[in-house]
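First to last, the sequence lines map onto chains G and W. Heads up, my numbering is the position in the first sequence plus 2, with the first residue counted as 1. Heads up, my numbering is the position in the second sequence plus 128, with the first residue counted as 1.
What the hints contain is simulated information worked out from the structure, not anything from laboratory work. Being a predicted model, the structure only gives us computed values, none of them experimental. Cβ coordinates follow ideal geometry from the N, Cα and C atoms, glycine included. Treat the hints loosely; a few may be bogus.
Claimed, not checked - Using C-beta positions, here's what the derived DEER-type ranges look like:
| # | chain 1 | residue 1 | chain 2 | residue 2 | range |
| --- | --- | --- | --- | --- | --- |
| 1 | W | Arg421 | G | Pro640 | 52 to 60 Å |
| 2 | G | Glu276 | W | Thr325 | 46 to 54 Å |
| 3 | G | Leu669 | W | Arg421 | 32 to 40 Å |
| 4 | W | Gln327 | G | Glu459 | 40 to 48 Å |
| 5 | G | Phe354 | W | Gly423 | 53 to 61 Å |
| 6 | W | Gly423 | G | Glu351 | 53 to 61 Å |
| 7 | G | Glu456 | W | Arg477 | 40 to 48 Å |
| 8 | G | Gly203 | W | Arg214 | 49 to 57 Å |
| 9 | G | Thr232 | W | Ala744 | 20 to 28 Å |
| 10 | G | Asp439 | W | Trp359 | 52 to 60 Å |
Stated by the list, open to error - Under 10 Å between C-beta atoms, here's a sample of chain G residues computed to sit facing chain W:
| # | residue |
| --- | --- |
| 11 | Gln61 |
| 12 | Leu65 |
| 13 | Glu70 |
| 14 | Thr76 |
| 15 | Gly78 |
| 16 | Trp100 |
| 17 | Ser104 |
| 18 | Trp145 |
| 19 | Arg148 |
| 20 | Gly179 |
| 21 | Pro197 |
| 22 | Glu272 |
| 23 | Asp616 |
| 24 | Tyr617 |
Claimed, not checked - These stretches of chain W come out as covered by chain G in the derived footprint (C-beta under 8 Å, 3 or more residues):
| # | segment |
| --- | --- |
| 25 | 351 to 364 |
| 26 | 405 to 416 |
| 27 | 484 to 490 |
| 28 | 713 to 727 |
So the chains spell out like this:
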Amino acid sequence: MTSRQQFIRKIIYLVIMAVLLGVLAYLGTPAAPSRDPQKASPGGVLAQVREKEGLTPTQLGQLDPGGEAIKLATLGMRGVAVHILWMKAEDYKRRKDWSHLSATLEQMVKLEPHFITVWRHQGWNLSYNVSVEFDDYRERFRWVIRGINFLKEGIRYNEREPILYGDVGWFYSQKIGRADESKQFRRMFMDPTDPFDIHGGRPPRDNWLVGKDWYAEAERLVDQGAILRTTPLIFHSHRPMCQMNYSEAIEKEGTFGDAAITAWQTAWHEFVNEFGHRELPSGFDDVPIIRLYEQETLYNQAQELAQKIEELEPGLREKLLEERRQELTPEERAAYDTPEYDRTVRQAELAFGADIKMKLTHEQVARRISDPKKRRQGLELARKAMALERQANIIAHNRNIVNYDYWKRHAEVEEQPEAVAARELMYKSEQAYYNNDHVTAMELFLAAAKKWREVIEKNPDIQYEDHTINDLTEFVDRYMKILDQLDAVFPEDFALQDIIRRRVRRRPEYQAAQDKLASAQKAIAQKDLTAARGDLEDAIKQYRGMMEFIKCLKLLADRATLSDMMAAVEAYDSVLAQVGDVFPRNFELAELIRLQCLHTSELRTIKRHMTQADYMLMQGTGPQQVAAARQELEQALPLAANLLKKFPHLMRLSDRRTVTELLELDLRYRQILAKLGETVPQDYPLQEFRQKVLPVIEKEMSEQEGQSQPQSTPSAPSPDKQA
Amino acid sequence: MPIETDLPEFSTWILPALEKWLLAGLGLLTLCGFVGLLWCLLLYRNHGWRRFFGDLLIGGFLDLILISGRRIGALAWLTVKEAIGRRVTVVVLIFLLGLLFAGWFLDPASTEPHRLYLNFVLGTTNYLVLLLMVFLTAFRLPSDIQNKTIYTVLTKPVRTVEIIVGQVLGFIVVGSLILGLMWLVSYPFVVRGLHHTHQVNVEELRPLGDPVKLADGTTATALQGWTAPTWQHRHRFFVDASGNPRVDMERGHYHPVTVTRSSDGKVSYVLGGPEGQLVARVPVYGRLSFRDRSGLDVEKGISVGDEWIYRSYIEGATEAAGIWTFENLRPDAFPGDTIPVEMNIGVFRTHKGDIERGILGSLLVRNPENGLTVELQVFESKEFNILELQIPKTIRKFSSARFVQRKAKAADGSIQYSPAKPVNPELLSRAEYDLFKDFVVNGKVEIWLQCLESGQYFGMAKPDLYIRAGSHSFFGNLFKGYLGIWMQMVVLIGFGVTLSTFLGTPVTLVSTLGVMIAGMAHKFMIQIVTGQLYPEVETPWRAGPLESLIRLILQEGVMTDLPQTTGIAIAQAVDRVLLLWMDLVAQIIPPMERLSLIDFVSYGYDVSLSLLTVNAVTVLGYLIPLVIVGHFFLRSREVAA
């Protein structure tokens with residue numbers, strides 16, 4: 003190549019370089035801010051786009067010179083460095099080396115301060131995964147706070163990321179307020195000395211309210227246009243839910259009266275007026291924006307249009323509905339007509355099918371209008387009504403996601419003075435129980451139940467809601483502990499029996515038991531006693547199983563259900579009488595019968611007389627003492643006869659413990675008569691009982707002895723063992 | 129401190145290690161001899177290869193024998209001067225700069241700030257000094273060879289081995305000076321960095337217990353309260369009835385308290401700096417075995433599903449126990465009335481229980497010969513904290529004294545009891561025992577740990593419980609930590625200088641850097657080669673780079689078997705060769721992790737003389753063959769020239 007050619011080539015290279023430099027400058031010149039606007043330069047295309055989209059480092063958050071220095075020090079291998087650090091962090095976590103883990107996370111975020119996932123993932127890691135590795139709850143709390151502080155550090159570098167604010171809000175509210183150790187966590191959070199420096203020198207506030215403030219800040223950013231990286235519906239529900247949870251939490255901890263009412267009122271306002279009125283994306287293209295509060299309004303508007311369709315041809319809708327109704331089977335019709343919350347499981351299934359068959363759209367009604375002009379009008383109205391209903395249904399779908407209806411109603415009920423009073427009584431009852439004052443606990447509990455009855459009467463719809471049923475069931479189950487301590491059962495006029503009854507009717511075991519009972523009745527009518535016995539035993543087994551789910555039934559919480567069960571026992575008794583057999587030794591409902599017997603005045607008095615008679619005989623065995631003992635026992639005998647009349651199945655050993663006690667009474671009486679040289683009177687009330695029961699008991703005892711001969715004898719259950 | 133591999137005891141380690149070293153050395157010599165012969169044959173086939181080989185071999189060995197200390201010293205001094213000329217002291221400035229800005233990154237409010245500080249200074253020193261040596265060794269000899277200035281040295285009456293040793297020694301001196309400076313700066317940095325104190329508000333102190341009558345007839349009440357929080361922690365503060373204040377241990381430290389009285393008689397309490405954080409505990413480790421829930425001796429405890437299988441667990445409220453057997457215990461080794469026992473055990477709850485307190489455990493001492501066992505005390509566990517208990521030499525307070533037999537399953541399935549006969553019942557009814565007379569037999573004693581709560585578990589590993597035979601100076605221990613870095617540096621210098629005898633500058637640089645990085649990941653390499661990377665997997669999983677690449681592409685995890693196609697079979701066969709090579713490399717690469725003593729210093733455990741000696745001998749074991757190999761390489765170039 004000649005030197006001229008080399009020179010030309012160099013010139014060409016220079017020109018290309020100049021052109022490329024120009025392009026580079028156009029694209030990549032950095033912005034040059036200045037106090038003097040005339041001297042400021044917006045920079046190249048990229049700098050301007052960054053400025054416009056808010057992606058410059060200063061717009062994202064605070065600058066970190068240390069982090070920038072470390073990034074430079076990686077010499078372009080920042081990704082590799084982060085990878086290694088992440089692996090090391092996992093290794094430190096696995097080996098429970100917490101100091102190194104924290105230090106590694108700090109290094110990691112220096113290299114990637116604007117990668118939100120790192121902050122979120124590791125913040126969660128610290129607060130949720132690392133904290134539970136500690137046995138001491140104080141250390142757990144410390145690590146929860148570390149995770150929160152880690153997120154707050156992330157916010158410093160990413161000030162316009164509402165999801166980070168939301169995460170801080172979640173950790174403050176849910177992690178501290180809902181953890182298993184929430185009682186301890188909340189106590190430490192509200193410690194006035196603030197050892198973890200959470201409140202920055204200000205007086206401590208409830209964690210739910212602190213969380214709420216962070217959500218509020220996140221919402222403010224979203225309203226200003228920041229990108230939200232999660233579902234808006236759920237995101238915006240967090241703030242009012244914090245207030246709801248706060249209201250529940252303070253009541254759980256013993257704050258009632260005006261403070262609780264105000265808290266619930268605030269919760270309602272924030273949930274309905276603020277969250278309910280917020281414009282939210284629906285997730286459906288045809289109805290892009292919704293407001294949750296509008297559902298009822300839209301349905302009403304649709305109803306008005308439906309009314310107008312009805313006016314075009316009065317009676318048409320009813321006629322069409324009746325046509326459909328005729329197509330239902332009788333069982334479907336009965337299920338359809340039963341109120342929803344009173345349906346059994348079978349009825350619910352039938353009603354679901356019936357609903358589909360009975361569904362009648364506005365368009366279907368309009369199409370059946372006889373007059374063509376009116377039909378066209380009707381179809382137009384139907385189209386509008388269906389559009390409104392579509393919108394309302396979309397709102398309903400979104401409402402379901404956040405359980406809007408439940409929380410709205412919950413706040414409306416809880417802010418009422420009766421509800422606050424009922425919760426206060428519940429709380430006091432629990433406190434009395436924990437202070438071992440069981441009598442006061444029971445009184446307060448019954449008062450609370452009555453208060454709840456007032457609440458239900460004022461707000462009848464709540465008794466059908468699953469949450470209310472579950473809440474009250476939990477309340478009733480707690481009362482069981484008190485009754486257990488006092489050896490008592492639920493009173494006959496217990497105020498919440500219908501709630502329990504509703505729960506019972508929804509159990510599949512109850513449905514199965516009722517079916518078996520019906521089948522047994524048929525078998526009895528057909529004189530097939532074997533089949534009847536089998537069905538009755540199945541029914542009783544189902545009742546037993548049901549009692550394992552609804553434990554309060556064991557203490558006679560619902561008398562109606564008790565009647566159902568005793569009806570089955572009586573039917574079984576009658577079948578056994580016909581086949582000449584007795585109740586099996588492990589009879590499923592023996593404990594229930596025993597409990598009823600124990601709480602009769604007859605058995606209590608019988609026991610008192612027997613104890614008194616024993617006491618007399620302990621004083622001596624002279625004629626005076628023996629006569630006194632005889633008198634005591636003779637007072638007990640008619641009561642025993644009454645007991646047998648009340649529970650005739652005792653004759654067939656439905657409850658062996660009570661039967662054993664009555665036999666004991668009989669035995670002692672005979673012994674005393676023998677001492678006095680007398681015989682049993684002819685009108686002896688326990689004669690028939692003894693004749694029927696004693697041989698069976700003796701046979702069972704000899705069988706038991708025979709089985710236990712070669713080995714050590716297992717101890718037989720004591721007749722006095724409580725249910 | 130977790131110690132996942134047993135620490136070697138010099139007396140038991142040296143002979144087998146020496147045997148292996150001699151065998152390896154012999155093998156290396158033979159290999160080098162063979163390679164040298166081959167090289168001479170190939171390159172000087174027609175130019176008197178025999179003479180060349182003979183000259184290399186005989187001359188090389190003569191050089192090794194006729195080495196001169198004076199010449200080595202001179203060459204070393206030359207190396208030092210050149211290194212200083214290259215401004216190696218800049219690295220100290222970088223270190224100081226790092227310390228200056230360390231405050232931005234070191235969080236004194238962390239749960240173990242002393243570990244963070246110590247890891248930072250030692251870690252920074254480690255990397256800085258090693259990298260410095262990498263660069264120094266890479267640029268020294270190869271540039272001399274490249275610029276042919278080496279011949280000015282070679283023409284002098286200097287043996288090649290003296291050049292090698294002189295350079296190595298010179299670099300060691302430079303590195304030692306730099307390390308020494310860093311050590312002297314680190315100590316005050318750590319101490320100052322961790323210094324803090326707390327305020328105590330006297331008005332917030334509350335009475336503790338009932339009033340107590342003092343010796344002078346007055347009554348006084350003890351007080352309790354909290355110090356003000358500093359660095360996200362605070363201490364419980366107590367003043368006994370006599371007015372003596374103290375604070376509880378928190379985050380591994382406490383503060384001395386002095387009482388001051390103002391002119392108007394008001395008492396105030398002034399807390400000093402933290403103490404107990406920067407320590408060098410001298411642990412005496414025992415041998416750990418386990419007893420299962422039925423009382424049978426087993427090798428390991430239960431797994432509770434923890435990914436990290438370092439600890440085994442024992443079940444609470446059963447016969448299960450962790451048993452540490454200590455040997456060579458002497459009364460004179462433990463002045464005072466008690467023997468301190470420290471433990472750091474894991475806790476696993478299967479149900480919450482009472483979360484307001486820790487799980488209860490009990491400490492027992494057993495005579496290994498006659499089975500006499502006393503339950504000394506019940507303690508409340510505290511995970512991730514060192515719990516200190518005292519075993520009194522004269523045991524007066526104990527919950528129970530009983531006879532406990534060890535039960536072990538023999539090979540034939542029968543149970544063997546030890547001891548076979550029960551102890552004299554009179555021994556069980558005594559009110560007082562002497563630890564060394566009644567429990568220690570020929571220096572041997574057993575310490576048992578049991579969990580007392582049903583459904584809860586204690587996790588333990590061998591180093592989790594030890595007898596603390598006092599403390600050494602932290603300053604001295606820090607020096608030992610730097611000694612560990614020094615040993616790493618010496619090995620790396622050896623490799624660097626040796627590699628530089630036959631490689632150019634950039635290749636020497638990359639190779640020495642590679643040795644350093646591979647040495648840091650030595651354990652990882654061994655785990656890959658032996659298949660112990662996933663110890664929780666029963667069958668060791670051993671796969672080479674090709675199979676790993678295939679699994680990455682196919683997204684198949686380690687638990688699934690690959691389809692047995694021809695391609696995969698070939699890849700696996702090639703992998704076997706690659707793994708063999710990797711095994712060889714892993715044996716040659718120095719175990720830099722093992723030479724590092726940073727963890728000992730940061731966790732607060734004294735580095736034993738035995739461990740230091742083992743490491744020093746290991747370093748020497750690397751250095752000698754490296755020097756010899758380097759000498760022969762350089763000699764071959766000299767002879768070739």
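Against the structure, the hints come out as follows:
1. At roughly 58 Å, the beta-carbon separation of W:Arg421 and G:Pro640 lies within the given 52 to 60 Å, and the hint holds.
2. At roughly 48 Å, the beta carbons of G:Glu276 and W:Thr325 sit within the given window of 46 to 54 Å.
3. A beta carbon spacing of about 48 Å between G:Leu669 and W:Arg421 contradicts the range 32 to 40 Å that was offered as a hint.
4. At roughly 59 Å, the beta-carbon separation of W:Gln327 and G:Glu459 lies outside the given 40 to 48 Å, and the hint is violated.
5. The given range of 53 to 61 Å is respected by G:Phe354 and W:Gly423, whose C-beta atoms sit roughly 60 Å from each other.
6. For W:Gly423 paired with G:Glu351, a C-beta distance near 57 Å keeps the hint of 53 to 61 Å intact.
7. G:Glu456 and W:Arg477 have their C-beta atoms about 43 Å apart, which keeps the hinted 40 to 48 Å range intact.
8. Hint check: G:Gly203 to W:Arg214, Cβ distance near 53 Å, so the stated range 49 to 57 Å holds.
9. Under the hint 20 to 28 Å, the C-beta atoms of G:Thr232 and W:Ala744, about 59 Å apart, miss the expected range.
10. Range check, G:Asp439 to W:Trp359: Cβ separation about 45 Å, and the 52 to 60 Å hint is violated.
11. Evaluation of the G:Gln61 hint against chain W yields a violated restraint, the C-beta minimum of about 23 Å exceeding 10 Å.
12. Among the interface hints, the one on G:Leu65 is violated; its C-beta lies about 13 Å from the nearest C-beta in chain W, farther than the 10 Å criterion.
13. A hinted interface residue such as G:Glu70 counts as satisfied when its beta carbon comes closer than 10 Å to some beta carbon of chain W; here the least separation is about 13 Å, so the hint is violated.
14. Taking 10 Å as the C-beta contact cut-off toward chain W, the hint placing G:Thr76 at the interface is violated, the least distance being around 14 Å.
15. Violation of the interface hint for G:Gly78 is found here, the shortest Cβ-Cβ separation to chain W being roughly 17 Å, above the 10 Å cut-off.
16. Interface restraint check: G:Trp100 against chain W, minimum CB-CB distance 6 Å, threshold 10 Å, status holds.
17. Of the supplied interface hints, the one on G:Ser104 holds, with its beta-carbon coming within about 6 Å of a beta-carbon of chain W, less than 10 Å.
18. Residue-level restraint check for G:Trp145 holds (minimum Cβ-Cβ distance to chain W is 9 Å; threshold 10 Å).
19. The closest approach between the C-beta of G:Arg148 and any C-beta of chain W is roughly 9 Å, which is under the 10 Å cut-off, so the hint is satisfied.
20. At a threshold of 10 Å, the smallest CB-CB gap from G:Gly179 to chain W is about 16 Å, leaving the interface hint violated.
21. For G:Pro197, the interface hint holds, since its Cβ comes within 10 Å of a Cβ in chain W; the closest pair sits about 4 Å apart.
22. At a threshold of 10 Å, the smallest CB-CB gap from G:Glu272 to chain W is about 33 Å, leaving the interface hint violated.
23. A cut of 10 Å between beta carbons decides the hint on G:Asp616: the least distance to chain W is about 41 Å, and the hint is violated.
24. Interface restraint check: G:Tyr617 against chain W, minimum CB-CB distance 43 Å, threshold 10 Å, status violated.
25. Three residues within the 8 Å Cβ limit are the bar, and the segment 351 to 364 of chain W against chain G gives 6, so the coverage statement holds.
26. Counting residues of the segment 405 to 416 of chain W whose CB falls under 8 Å from any CB of chain G gives 0; the rule of at least 3 is not met.
27. Interface restraint, the segment 484 to 490 of chain W with chain G: holds (3 residues with C-beta to C-beta distance below 8 Å; minimum three).
28. As drawn, the segment 713 to 727 of chain W meets chain G at 0 residues by the rule of a beta-carbon pair under 8 Å; below three, the given contact is violated.
Hint violations for this structure: numbers 3, 4, 9, 10, 11, 12, 13, 14, 15, 20, 22, 23, 24, 26, 28, all remaining hints satisfied.
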